[in-house]
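The residues making up each chain are set out below.
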Amino acid sequence: MPVLWIVLIVLTLGGVGFVIGRMRAMASADGDPRHLHSLPNYYGTHVFLAVTVPSMLLLVMWLLVQPLVINSQVSSLIPQEAVSEGSSLGLMMADVRRVADGLDTAVAAGAMTSEEASQIRTEFTDIRERLGAVGVALGSDVRPEVLKAAQRYRELSGRYGLIMAVVIIGIALAGMAFAWSRSHAEFRARNVVESAIKSLLILASSIAILTTVGIVLSLIFNTIEFFKLYPAANFFFEPTWLPSFGGGTDSDGNPLSKLGILPLLWGTLYISVIALLVAVPIGLFAAIYLSEYAGPATRAFAKPMIEVLAGIPTIVYGLFALLTVGPLLVDVFGAGGLLNVSWMQGGTAVMTAGLVMGIMLIPFVSSLSDDIINAVPQAMRDGSLGLGATKSETIKQVVLPAALPGIVGAILLAASRAIGETMIVVLGAGAAARLSMNPFDAMTTVTAKIVSQLTGDADFASPEALVAFALGMTLFLVTLGLNIFALYIVRKYREQYE
Amino acid sequence: MTDATANPVQPDGRKHGSLLQQDARIKRRNASEARFKFYGILAVATGLFFLVALLWAIISNGTGAFSQTYLTVQVELLESKLDKKGNRDIADIKKVSTFGYTPLIQDALLKEVQDRGIETEFAKKKDMKALISASAAAQVRDHVIANPDLIGQTVEFRVLASSRVDGYLKDRVSRESVARDKNISPAHLDLTDALVEAGVIKKIFNLDFILGSDASDTRPEAAGMGVSMLGSLFMMLVVLGLSLPIGVAASIYLEEFAPQNRWTDLIEVNISNLAAVPSIVFGILGLAVFIQFAHLPQSAPLVGGLVLTLMTLPTIIIATRASLKAVPPSIRDAALGVGASKMQSVFHHVLPLAAPGILTGTIIGLAQALGETAPLLLIGMVGFIASNYPEGVLDGFVAPNSAMPAQIYEWAKRADPAFYERAWGGIIILLVFLITMNIIAIILRRRFERRW
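As they're listed, the protein sequences go chains X and A.
UniProt numbering applies: residue 1 is where the first sequence begins, and numbers increase by one.
UniProt numbering applies: residue 1 is where the second sequence begins, and numbers increase by one.
Take the hints with a grain of salt, since some may be wrong.
Here are the simulated BS3-like cross-link-like pairs (lysine-lysine), alpha carbons at most 30 Å apart as the crow flies [to be verified]: (1) X/K228 / X/K258; (2) X/K198 / A/K325; (3) X/K303 / A/K325.
None of these hints come from the bench; they were simulated from the model.
Quantities reported herein were computed from a predicted structural model and do not represent experimental measurements.
Could you build all of it, start to finish, from the sequences and the hints given here?
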């Protein structure tokens with residue numbers, strides 16, 4: 001792992017820099033720290049930062065840019081006409097990388113010499129078989145131009161890797177020399193170190209923005225890629241979800257898979273509505289009781305106990321839905337069950353997932369509503385009670401109307417949780433995408449299909465896998481919209497009484 | 001005022017009642033009050049009931065995974081089968097696959113049955129297959145390869161019983177349910193009863209479930225959580241190592257240094273939005289950025305840790321900012337007053353005082369990350385990968401592995417109900433970790449948090 005080595009070398013250099021920088025500063029002050037502008041350690045830290053920070057930043061940027069550069073150089077090796085029917089340059093490049101990785105693995109496993117790996121030709125050797133022998137499975141036979149590109153790819157990444165190591169260690173050494181030469185008694189080491197640390201703090205706080213940018217970019221690029229392979233109108237308006245096994249296109253060039261989002265949206269919506277029908281009344285009444293009626297002892301016991309429900313991982317709820325609630329519902333609503341109706345065919349159903357998700361959401365609704373109800377000024381309650389209203393009349397006619405915007409915000413936040421929830425629906429709701437009104441039917445959701453499309457064996461570049469990004473984009477936009485709207489309502493409401 | 005001379009009889013014809021005698025309307029209002037309060041109690045009780053039901057389901061279904069049925073048999077390690085050349089050459093011994101060992105174990109069990117005079121219709125060693133786990137042969141083989149001198153002797157082994165026998169002792173399998181089962185017959189269950197009586201079959205504590213690795217679809221009795229636990233551990237190390245410094249740095253900047261401007265607003269809006277982005281979207285991000293773009297190894301705890309770091313950051317930032325805010329300004333003023341720089345006042349005085357709150361927030365964030373499943377599935381950390389222990393610390397970070405929740409998910413998906421018990425048991429282990437972490441967080445908060 002050469003990158004790890006570079007990091008270790010730079011850190012060692014930094015450590016050395018710390019010692020020599022401190023020593024030089026002390027020497028320039030005749031060994032008496034009182035003659036220094038800053039404390040001695042600041043001089044050491046100054047050199048350490050000068051060694052590590054620029055080189056590490058460069059390393060990160062280099063690692064980000066290098067694949068792009070290599071990609072553009074290698075892709076020019078693949079002639080336009082070699083890009084076969086139903087494929088694209090991106091797909092070809094994925095092949096190239098896979099072959100290159102395979103060659104690397106083969107060399108590392110000792111099945112090939114590095115000489116051989118760069119000279120090998122498809123005309124004389126069956127690459128697929130050779131790589132298969134070391135555990136690298138390739139989907140199809142390797143074509144000569146792909147192999148050539150892969151060899152070029154390896155050559156370039158090897159060369160750039162070497163250049164990178166030299167440049168980065170060079171920069172580290174230059175930083176050390178520069179900072180060391182500045183380390184003398186009058187140098188304002190503290191000010192420099194502090195402003196450097198402040199920049200690092202700013203950098204750390206920008207990671208949140210980088211994450212958002214990363215999410216948006218990865219979703220957008222792959223979604224565009226998807227819509228190139230699959231018509232957008234079909235995605236949004238087709239009422240069937242039927243990915244064909246192994247992908248492929250029919251004679252007109254249309255994809256065989258039917259990837260309409262409507263059944264998934266319907267399943268998501270249906271499950272979320274059931275979840276909210278469970279969570280909102282229970283959560284809201286629990287919040288009202290705990291904030292308005294319960295004594296301190298009850299409150300101190302019940303509130304954290306209900307909030308424990310929020311700390312339980314969703315996989316636990318998923319298992320609870322699949323193995324406990326599902327069979328229980330079948331015993332009641334299934335054929336030959338307690339009610340003697342046969343509404344429910346199997347344990348996985350909209351109702352199962354919705355009920356369990358509702359349980360999960362109770363604490364979200366109750367804690368948020370509790371905060372909001374508590375924020376309603378006591379004077380309003382006193383006024384109402386003073387006029388002779390009972391407690392429940394006060395709550396219904398004064399407290400709740402005052403808290404309503406905040407409660408709506410809380411419900412919207414819970415709804416956004418419900419829409420984005422994955423494990424409960426993956427385990428509890430079933431896998432069949434259908435547009436049905438029966439809440440005891442198995443249906444599926446956007447999140448469940450993201451998981452199933454990306455964990456299967458489908459090629460990353462096929463529409464069957466890329467559709468997950470379009471689904472993710474939809475999910476991201478919907479939840480983001482709900483969140484922003486909810487936060488806006490909650491914030492606006494809070495300001496009213498502050 | 002006209003009100004003072006108003007008719008004592010109300011416009012709607014009601015008379016002033018006595019305080020002691022409630023009229024119909026008051027009764028109605030009081031009844032509605034009682035009803036409303038009852039709804040509240042009902043809601044709280046329902047919430048608590050769900051919690052109890054959930055815990056009951058976990059404990060009643062999961063405790064079975066912590067005991068396992070074993071057979072104690074005297075296996076005669078025949079030299080003619082295991083080391084035909086008789087030279088105890090380890091390479092030759094290794095050539096004998098587990099198929100060479102299976103008949104020996106079956107023989108040993110049959111002998112045990114006959115020696116004890118247990119009456120049974122089974123007289124062939126093949127008939128014993130239903131009682132013995134498929135991994136028993138591998139267990140004996142590993143032991144023989146480690147101690148080649150044992151060949152030719154008769155050695156006592158405690159091997160895994162098959163999952164049907166295990167299920168029978170745990171009441172998961174009954175005579176009715178095995179009627180359609182081609183792996184075992186009701187007569188085998190009679191034999192099992194006799195062997196339990198004789199002390200050959202015993203149910204003991206299942207350490208292998210906690211420390212072992214995942215097993216294939218057909219051997220639920222051998223599946224364990226150990227490897228995926230290591231995967232979770234390495235992921236948590238990555239999360240801790242990245243999210244704590246980055247989170248603290250970001251919060252210090254936002255709380256202590258950031259000017260009120262657009263950039264700061266943008267960061268804050270971003271953080272609060274990221275806290276509400278569905279976890280699966282972070283999985284998509286990890287897949288697209290770390291695996292497709294940066295070509296980091298798939299299924300590696302390193303990548304899982306990176307994804308969970310991004311997910312945990314908002315939690316840690318929010319907690320850290322709250323605890324920084326709780327440090328009174330007088331501390332900062334005092335530090336500045338004796339000549340410290342702003343940076344020194346923060347790092348030398350404010351940060352140590354806020355440390356308990358920061359640690360509490362970090363532990364809670366880690367606990368959240370530990371239970372997260374969906375993003376891990378997208379980056380390939382699925383359960384069945386967790387079948388080998390990592391070879392070293394570096395390997396632990398980059399070698400394909402799974403994590404506890406993903407392992408549980410994998411077991412929940414498998415067809416054999418014997419895996420369900422493992423899944424519930426896995427949940428108990430996971431919850432033990434979560435509860436421990438939360439208790440540590442609570443203790444830290446109680447002990448060290450100062451109120452000014």
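Verification of the supplied hints:
1. X/K228 / X/K258: Holds: X/K228 and X/K258 sit about 15 Å apart, inside 30 Å.
2. X/K198 / A/K325: Cα-Cα ~19 Å, so holds.
3. X/K303 / A/K325: It holds: about 25 Å lies between the C-alpha atoms, which stays within 30 Å.
This entry satisfies every hint, going by the numbered hints stated previously.
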